[in-house]
Amino acid sequence: MPNNIKIIFWGTPNFASKILETLIITDFPPILVVTAPDSRKGRGLQKSPSEVKKTAKKWGLDVTEPQKLKENVNLLKQLRDLEADLFIVASYGKIIPSDYLKIPKKGALNLHPSLLPKYRGPSPIQATILNGDKETGITIILMDEEMDHGPIVASKKFLIEDKITYRKLEEKLIEEGSKLLIEILPRWLTDEIQPEPQDHSQATFCKIIKKEDGRIDFNESAELIERKIRAFEIWPNVYFQKNQKIYKILDADVFKNSNVLKTKNPGEFFCFNKSLIVKCSIDGLLIKKIQPENKKSLDGYSFWCGYQKYLN
Numbered sequence: 001m002p003n004n005i006k007i008i009f010w011g012t013p014n015f016a017s018k019i020l021e022t023l024i025i026t027d028f029p030p031i032l033v034v035t036a037p038d039s040r041k042g043r044g045l046q047k048s049p050s051e052v053k054k055t056a057k058k059w060g061l062d063v064t065e066p067q068k069l070k071e072n073v074n075l076l077k078q079l080r081d082l083e084a085d086l087f088i089v090a091s092y093g094k095i096i097p098s099d100y101l102k103i104p105k106k107g108a109l110n111l112h113p114s115l116l117p118k119y120r121g122p123s124p125i126q127a128t129i130l131n132g133d134k135e136t137g138i139t140i141i142l143m144d145e146e147m148d149h150g151p152i153v154a155s156k157k158f159l160i161e162d163k164i165t166y167r168k169l170e171e172k173l174i175e176e177g178s179k180l181l182i183e184i185l186p187r188w189l190t191d192e193i194q195p196e197p198q199d200h201s202q203a204t205f206c207k208i209i210k211k212e213d214g215r216i217d218f219n220e221s222a223e224l225i226e227r228k229i230r231a232f233e234i235w236p237n238v239y240f241q242k243n244q245k246i247y248k249i250l251d252a253d254v255f256k257n258s259n260v261l262k263t264k265n266p267g268e269f270f271c272f273n274k275s276l277i278v279k280c281s282i283d284g285l286l287i288k289k290i291q292p293e294n295k296k297s298l299d300g301y302s303f304w305c306g307y308q309k310y311l312n
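1 is the number of the first residue of the sequence shown in our numbering; add one for each residue after it.
Simulated from the structure, these hints should not be mistaken for laboratory data.
Predicted model only: the values in this text are computed from it and were never measured.
Among the hints, a few may not be true.
Simulated crosslink set (DSS-like; lysine-lysine; CA at most 30 Å straight-line) [stated by the list, open to error]:
1. Lys264 with Lys245
2. Lys296 with Lys54
3. Lys242 with Lys256
4. Lys54 with Lys210
5. Lys274 with Lys262
6. Lys77 with Lys134
7. Lys211 with Lys179
8. Lys57 with Lys168
9. Lys156 with Lys94
10. Lys210 with Lys245
11. Lys309 with Lys262
12. Lys207 with Lys54
13. Lys168 with Lys296
14. Lys211 with Lys172
15. Lys245 with Lys288
16. Lys248 with Lys134
17. Lys77 with Lys163
18. Lys47 with Lys295
19. Lys248 with Lys274
20. Lys134 with Lys57
21. Lys210 with Lys94
22. Lys157 with Lys172
23. Lys289 with Lys210
24. Lys54 with Lys77
25. Lys245 with Lys211
Pairwise CB distance ranges (calculated) [as the list claims (entries may be wrong)]:
26. Lys309 with Pro66: 15 to 25 Å
27. Pro186 with Lys102: 16 to 26 Å
28. Ser297 with Asn219: 46 to 56 Å
29. Ile182 with Asp299: 39 to 49 Å
30. Leu250 with Pro186: 42 to 52 Å
31. Lys77 with Phe158: 38 to 48 Å
For each residue, glycine too, the CB sits at the ideal point set by N, CA and C.
Between the sequences and the hints, there should be enough to build the whole structure, so can you do that?
Structure (structure tokens):
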């Protein structure tokens with residue numbers, strides 16, 4: 001495979017930054033990286049670069065951070081002038097208009113962390129955990145102007161370990177996605193792969209995760225809340241509010257002792273055998289690790305000892 005292939009990489013978060021690093025270290029460094037502009041984060045709302053920008057700068061790659069793509073004449077000209085062979089896209093965060101997708105000679109490949117057409121959209125990793133799936137995978141598609149809609153170039157399926165967290169599942173998807181991309185890239189560039197259309201009748205969609213999605217409703221089942229804790233461990237976390245204070249639940253398990261739970265009401269906290277439990281609509285949630293607002297995290301029993309009077 002010639003090493004003069006001109007690739008432009010599009011991506012923003014951690015998932016994309018790891019894919020970018022794989023391209024660099026396997027001798028497919030992009031000639032340009034397109035990522036989201038710096039965003040304001042933290043209490044001081046300081047500007048922070050995307051994970052992709054950090055990686056690109058570490059390796060000395062050129063970066064552009066457009067505020068918008070549609071009718072961005074300067075960016076279109078810049079990309080056309082580069083005469084790229086291929087776009088590689090991973091979690092960029094915006095729909096890329098068709099004017100851009102027409103630029104590269106070999107099209108635009110998108111790495112999506114689900115088995116398309118399942119879980120099109122911005123939160124497939126969270127959706128996989130929330131729905132209790134036993135398997136997932138990575139899909140590489142040839143992009144068109146619709147979201148996660150283009151024909152499938154390659155995919156890899158794998159089983160998920162029980163109680164997997166967002167971080168661990170993302171790591172596995174990065175590992176499998178990186179290997180799959182490097183495996184198919186030479187064959188794609190020499191026209192040896194014929195993409196297969198998705199079965200659009202089987203498409204399902206996932207939504208943008210918002211802060212309020214992490215707020216606990218104890219009228220839900222303990223099983224669903226426990227899944228949310230694992231799915232939302234990076235953001236927005238799972239939390240409840242008591243006396244105008246926020247409490248984040250960082251680790252928990254499902255408690256199924258019906259004899260203990262039968263006298264409790266949903267939302268009622270109690271201690272059993274030095275474990276902190278809250279009754280849910282189905283079963284109870286055994287809280288292993290919890291963080292009071294502006295405080296360090298505590299194990300459930302220590303939290304009960306110090307905060308019992310605030311809970312019920």
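Each hint, compared with the structure:
no.: 1; hint: Lys264 with Lys245; result: holds (23 Å)
no.: 2; hint: Lys296 with Lys54; result: holds (29 Å)
no.: 3; hint: Lys242 with Lys256; result: holds (25 Å)
no.: 4; hint: Lys54 with Lys210; result: holds (25 Å)
no.: 5; hint: Lys274 with Lys262; result: holds (19 Å)
no.: 6; hint: Lys77 with Lys134; result: violated (45 Å)
no.: 7; hint: Lys211 with Lys179; result: violated (33 Å)
no.: 8; hint: Lys57 with Lys168; result: holds (26 Å)
no.: 9; hint: Lys156 with Lys94; result: holds (24 Å)
no.: 10; hint: Lys210 with Lys245; result: holds (19 Å)
no.: 11; hint: Lys309 with Lys262; result: holds (22 Å)
no.: 12; hint: Lys207 with Lys54; result: holds (27 Å)
no.: 13; hint: Lys168 with Lys296; result: holds (23 Å)
no.: 14; hint: Lys211 with Lys172; result: holds (25 Å)
no.: 15; hint: Lys245 with Lys288; result: holds (19 Å)
no.: 16; hint: Lys248 with Lys134; result: holds (27 Å)
no.: 17; hint: Lys77 with Lys163; result: violated (48 Å)
no.: 18; hint: Lys47 with Lys295; result: holds (25 Å)
no.: 19; hint: Lys248 with Lys274; result: holds (20 Å)
no.: 20; hint: Lys134 with Lys57; result: violated (37 Å)
no.: 21; hint: Lys210 with Lys94; result: holds (17 Å)
no.: 22; hint: Lys157 with Lys172; result: holds (11 Å)
no.: 23; hint: Lys289 with Lys210; result: holds (23 Å)
no.: 24; hint: Lys54 with Lys77; result: holds (25 Å)
no.: 25; hint: Lys245 with Lys211; result: holds (16 Å)
no.: 26; hint: Lys309 with Pro66: 15 to 25 Å; result: violated (53 Å)
no.: 27; hint: Pro186 with Lys102: 16 to 26 Å; result: holds (23 Å)
no.: 28; hint: Ser297 with Asn219: 46 to 56 Å; result: violated (26 Å)
no.: 29; hint: Ile182 with Asp299: 39 to 49 Å; result: holds (43 Å)
no.: 30; hint: Leu250 with Pro186: 42 to 52 Å; result: holds (43 Å)
no.: 31; hint: Lys77 with Phe158: 38 to 48 Å; result: holds (42 Å)
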